[in-house]
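Enquirer: Okay, here's what each chain looks like letter by letter:
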Amino acid sequence: MNLLNPIRLFFSSAVFSFKAQFGWLNPPMWFTMKVVMPLSQMAFFVFVGQFLITTGNARPDIIAYMAIGNSMMMLSWNTVFSVINITSNDKWDGTLPLMLATPAHRLPVFVGRAMVHVLDGMLSVAISFAYALFLFGVNFGNTNTLALIVAVFLTSFTMAGFGLLIGGLSFYYRDPMVFANIFTFILLIFSGINFPVQALPQPLQFISYIFPLTYGVDAGRKAIAGQTLFDIAPLLGQMLIVGFISIILGYVFFISFEHVARKTGRIEAV
Amino acid sequence: MVNADEDKSAYSIQTVDLTKVFAKKKHRGVLGFLRRNVEKEKSKSEGGEAVTIALDRVNLKVQAGELFGLLGPNGAGKTTLVKCLATILIPDGGTAVVNGYDVLKETTMVRASIGLVVGGERTLYWKLTARDNLMYFASLYKMPRKEAKNRVNELLEMMDLLDRADERLEDYSTGMRQKIAIARALLHNPPILLLDEPTLGLDPTFSRQIRNQIRGLCRDEGKTILLATHYMYEADEMCDRIAIINNGQIAVVDSSNRLKAMVKERELVEVACVNPPVGIEAELKAMCKDVDIVTLIQGDEAKSTPSRIKIIGEGAEEHIGTVIDALRRKKVQITSLNVGMPTLEDVFIKLTGGAKLTEGGEAETERHEAQ
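For the record, the sequence lines run as chains A and B. Counting from 401, one number per residue, gives the positions in the first sequence under my numbering. Counting from -4, one number per residue, gives the positions in the second sequence under my numbering.
It is possible that some hints are incorrect.
What the hints assert, rightly or not - Covered stretches of chain A, as calculated for chain B (at least 3 residues, CB under 8 Å): (1) 410 to 419; (2) 499 to 505; (3) 651 to 663.
What the hints assert, rightly or not - Simulated pairs of lysine-lysine, PhoX-like, Cα-Cα distance not exceeding 25 Å: (4) Lys137(B) / Lys419(A); (5) Lys144(B) / Lys419(A); (6) Lys491(A) / Lys137(B); (7) Lys298(B) / Lys326(B); (8) Lys56(B) / Lys663(A); (9) Lys491(A) / Lys19(B); (10) Lys434(A) / Lys419(A); (11) Lys122(B) / Lys419(A); (12) Lys326(B) / Lys280(B); (13) Lys137(B) / Lys100(B); (14) Lys280(B) / Lys325(B); (15) Lys419(A) / Lys141(B); (16) Lys663(A) / Lys19(B); (17) Lys326(B) / Lys491(A); (18) Lys434(A) / Lys122(B); (19) Lys491(A) / Lys419(A); (20) Lys280(B) / Lys663(A); (21) Lys284(B) / Lys326(B).
To be verified - Some, not all, of what chain A presents toward chain B, calculated at C-beta under 7 Å: (22) Asn405; (23) Asp493; (24) Gly494.
Rather than coming from a laboratory, the hints here were simulated on the basis of the structure. Every residue, glycine too, gets a C-beta built ideally from N, C-alpha and C.
Just need the whole structure built from these sequences, with the hints factored in.
Expert: Structure (structure tokens):
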């Protein structure tokens, strides 16, 4: 089996995806997406946290808790939304049928395209951490940098797999962004972003552990608190298991929805 | 099913009873979903489900090295057929074999054997350069990088776009983009090209260039080309054989000359005129009741193309005077009169019992029954 072809396809898809579909971003648009959006979300929850502190309903460390949680949440905007957009954009561009009419294997093509957003997601998290440090006074003095970088990368990678899971819907539905929006709010509720998973009603807590982000947020907080890569390895291991299951399921979804779209003629439905 | 005894490779493209059905959907507005279930039950109880039969047991055989035309109006099923052959659509019945490979069972091999070109503005990545577009698709066709680079340069030179290869496609004209689309289809040097309205929206100059290139690919490189078009003159000018398709069915397959011979010389009268009045068609039909078909094809004043009244059938020639007199009474300007030189359009109208084409290629169906 020739492995060079899929590997080459993986990298060429990543590069061309960035140029073709990411390249619509001009500097003002990029500034808005990367700089304004993370700040808005983080500021909202941090101010809610400050209000709870002043009313005596929360401990002072809630600010750091929320700031770090919302920083990691930025990964979902990049990975889930952008990965869903991969197929949607191809539909709108009219290139999806032409691409599907080639003999290229789907997995390296779409995973390669998703990888651009993994890296972009990490950049968003870094910018958000900068806000947390300089604007909201979060202490990064004890951070284990290696552990944090690995936690952020693996979270971004596994969340891209989740993006593929929902991205398959793009083959069939005109507006998969509706699902992306709903999914993002589900993550906000269940992934321990602004409150611990244990604060959820007990029967619902199991939902949190379906999402790689839940493990990633926890690992990120521990790395910032000073724990080593070895200390957070169990969390990362669990996240990788969940992540790979979602990537495999995502691929199955992708292929299934592609088949349904080819059967019903919805490949080009925009 | 394709006969097991028949050599699958005897034809480059072969379909047997190929069928494609789409469910009809009506868009009823915001509250439509409330009524949908009620109507669905009603439809089922009446024994039917709303469907559109896009391809109705299509049988086609295209020989190797042939430039085969698929001619019909918009909505006839041309694009659906091309998409089924290109594996973009999964047929609901019958079989299709492309380059000896079954479109359902050997999809990857079919895709490696074909180059697909569709008409329309957006089929490429506009934010990429022409070179990047071709290099990316070369990787999708599993071409080694060095081979891809050489091939891309070769094709850009063929299309006379080498000096603009590193410009973004958003800066190209429509015709130039279509040339790149054709180059993309040729990257992996496939034996078969599926062209779906490749000159759609192009000006006459680019259209002619594209047609010359297509002819060259068939004549000089021996490629098998399936050309779907609603432009009669394009099929007439280029194709070795033509299949006329309407309402998902193949009406006839033959060479252009033999098809035109189906309409005998004395059985065709065509009067070109300017701004015929409303109702003139019905009036002429009433006057020429003994002729099979009387139809008006509206012209386009903006493009200076006249309207044309066609009388097709036995005895058509005898009604020349009747038609001329009727038009003169209504002070309609007659620009030309053609007797007995049938075109493919006349064949189409005769075969479809009066289905006609506007200048844009849309089909309108009327039937004029001879008494």
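Enquirer: Given the hint that Lys137(B) pairs with Lys100(B), does the C-alpha gap stay at or below 25 Å?
Expert: holds, 20 Å
Enquirer: Count the residues of the stretch 651 to 663 of chain A whose CB lies closer than 8 Å to any CB of chain B, then report whether that count reaches three.
Expert: holds (count 3)
Enquirer: Hint validation: Asp493(A) versus chain B, beta carbon distance must be below 7 Å. Holds or violated?
Expert: holds, 6 Å
Enquirer: Given the hint that Lys56(B) pairs with Lys663(A), does the C-alpha gap stay at or below 25 Å?
Expert: holds, 24 Å
Enquirer: Keeping to a limit of 25 Å between CA atoms, is the pair of Lys491(A) and Lys19(B) held or broken?
Expert: holds, 21 Å
Enquirer: Does Lys298(B) pair with Lys326(B) here, judged by a C-alpha cut-off of 25 Å?
Expert: Answer holds: Lys298(B) to Lys326(B) is near 22 Å, not above 25 Å.
Enquirer: Hey, Lys419(A) versus Lys141(B), does the alpha-carbon distance stay inside 25 Å?
Expert: Between Lys419(A) and Lys141(B) the Cα gap is close to 21 Å, so the pair holds against 25 Å.
Enquirer: For Lys284(B) and Lys326(B), compute the direct alpha-carbon distance and say whether it is at most 25 Å.
Expert: Holds, at about 23 Å.
Enquirer: Measure nothing beyond the straight line between the CA atoms of Lys491(A) and Lys419(A); if it is 25 Å or shorter, mark the hint as holding.
Expert: holds, 17 Å
Enquirer: Going straight from one Cα to the other, do Lys137(B) and Lys419(A) come out at no more than 25 Å?
Expert: It holds: about 20 Å lies between the C-alpha atoms, which stays within 25 Å.
Enquirer: Is Lys434(A) close enough to Lys122(B), meaning Cα to Cα at most 25 Å?
Expert: holds, 21 Å
Enquirer: Regarding the pair Lys280(B) and Lys663(A), is the alpha-carbon distance no greater than 25 Å?
Expert: Roughly 44 Å separates the two Cα atoms, so the pair is violated.
This entry does not satisfy hints 17 and 20, going by the numbered hints stated previously.
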